[in-house]
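All chains should be modelled from the sequences, with the hints used to inform the complete structure.
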Amino acid sequence: MLDIVGKRGWYFLFSALLILPGLVSLIIPPGGWVSGGSGLNPGIDFTSGSALQVTFESKVTEGQVQERMDQLGYPEALIQKIGARAVFIRIRELPPEEGGEDLSQREAIQQDLDRFVASIESVQFDSVSPIIAAETVRNAILAVLAASVFILLYIWYAFRRVPKSYRYGVSAILALVHDVVLVVGIFSILGRVINMEVNSMFIVGVL
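Residue 4 is where the sequence shown starts when you use my numbering, and the numbers rise one by one after that.
Everything labelled a hint here was simulated from the structure, so no lab data went into it.
A hint or two may mislead.
[What the hints assert, rightly or not] Below, a list of computed lysine to aspartate or glutamate pairs in the DMTMM-like style, where the Cα atoms sit at most 20 Å apart: (1) Lys-84 x Glu-124; (2) Lys-62 x Asp-117; (3) Lys-62 x Glu-79; (4) Lys-84 x Glu-138; (5) Lys-10 x Glu-60.
[To be verified] DEER-style ranges, computed between Cβ atoms: (6) Ser-125 x Phe-15: 25 to 35 Å; (7) Ser-174 x Gly-76: 46 to 56 Å; (8) Lys-10 x Ser-61: 55 to 65 Å; (9) Arg-170 x Glu-65: 51 to 61 Å; (10) Ser-61 x Ser-174: 49 to 59 Å; (11) Arg-170 x Gly-12: 14 to 24 Å; (12) Leu-185 x Glu-60: 35 to 45 Å; (13) Val-147 x Leu-21: 18 to 28 Å; (14) Val-184 x Phe-153: 14 to 24 Å; (15) Phe-162 x Asp-6: 21 to 31 Å; (16) Ala-19 x Leu-148: 55 to 65 Å.
Note that the Cβ used here is the ideal one computed from N, Cα and C, for glycine as well.
Written out as structure tokens, the structure is:
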């Protein structure tokens, strides 16, 4: 019979080696816990702002788009390539569009990119206010806490006839924490390497 329990030290070591790189990424600056950050690259669901996914009719580079965004007064813009012809642009929250002859800031960006970078095929736009972003963060934290409590209570009830049944619930929570830390650590590394962002769907996936 395979002695799994007897070799648990090796399993603990293997698990630690998987988690350690992600923990280091979560802790170290810039953006890590040491510098007061979350260790992740949060999307507009958590930070607020506006996002445009622009598809051009020909190939473009991040540098071309970044140059135009700088000229338009958005030096903080995050530019990320999506394939050969599409880019993702995240900037500060744009004011709501109003009627009138003046171009909205969103339209001004689109026209500038269409004129100086390449002809635009399509644009997808999304915007999240600071109030909604703060509410999303709060709801995400509450969802994680509620899920942990219900898992603990359910397992305690399911094993209620077993001596010290609470230990099974605690073990399940520890396993949950292990899996969450592993996934969050991987996304922290991906955020540093390829600017991958986390959003509300990330929280759904973790749960």
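Note to self: Given the hint of 25 to 35 Å, is the C-beta distance from Ser-125 to Phe-15 inside that range or not?
What the structure shows: 50 Å, violated
Next item on the list: Take a look at whether the Cβ-Cβ distance between Val-147 and Leu-21 falls inside 18 to 28 Å.
Entry: 21 Å, holds
Item checked: Given hint Glu-79 paired with Lys-62 - CA-CA distance at most 20 Å -> 23 Å, violated
Next item on the list: Decide if the proposed pair is consistent with the structure: Lys-84 and Glu-124, CA atoms, cutoff 20 Å inclusive.
Entry: The hint holds at about 15 Å.
Margin query: If I claimed the Cβ atoms of Ser-174 and Gly-76 lie 46 to 56 Å apart, would that claim hold in this structure?
Written below: With a Cβ separation near 54 Å, Ser-174 and Gly-76 satisfy 46 to 56 Å, so the hint holds.
Note to self: Against the range 49 to 59 Å, how does the distance between the Cβ atoms of Ser-61 and Ser-174 compare: consistent or not?
What the structure shows: 56 Å, holds
Margin query: Verify the CB-CB distance for Leu-185 and Glu-60 against the hinted window 35 to 45 Å.
Written below: About 41 Å separates the Cβ atoms of Leu-185 and Glu-60, which means 35 to 45 Å holds.
Check: Using the C-beta atoms of Arg-170 and Gly-12, is the stated range 14 to 24 Å upheld?
Finding: With Cβ atoms ~20 Å apart, the hint holds.
Next item on the list: Assess, step by step, whether the Cα of Lys-62 is no farther than 20 Å from the Cα of Asp-117, and give holds or violated.
Entry: Holds - the C-alpha atoms of Asp-117 and Lys-62 are around 13 Å apart, at most 20 Å.
Notebook entry, point to check: Using the C-beta atoms of Arg-170 and Glu-65, is the stated range 51 to 61 Å upheld?
Noted result: 52 Å, holds
Check: Does 21 to 31 Å hold as the CB distance between Phe-162 and Asp-6, or does it fail?
Finding: 24 Å, holds
Checklist line | Agreement of Lys-10 and Glu-60 with the hint, judged by alpha carbon distance not exceeding 20 Å | finding: Given pair Lys-10, Glu-60 is violated - Cα atoms ~58 Å apart, limit 20 Å.
Of the numbered hints stated above, those contradicted by the structure are hints 3, 4, 5, 6, 16, listed in ascending order.
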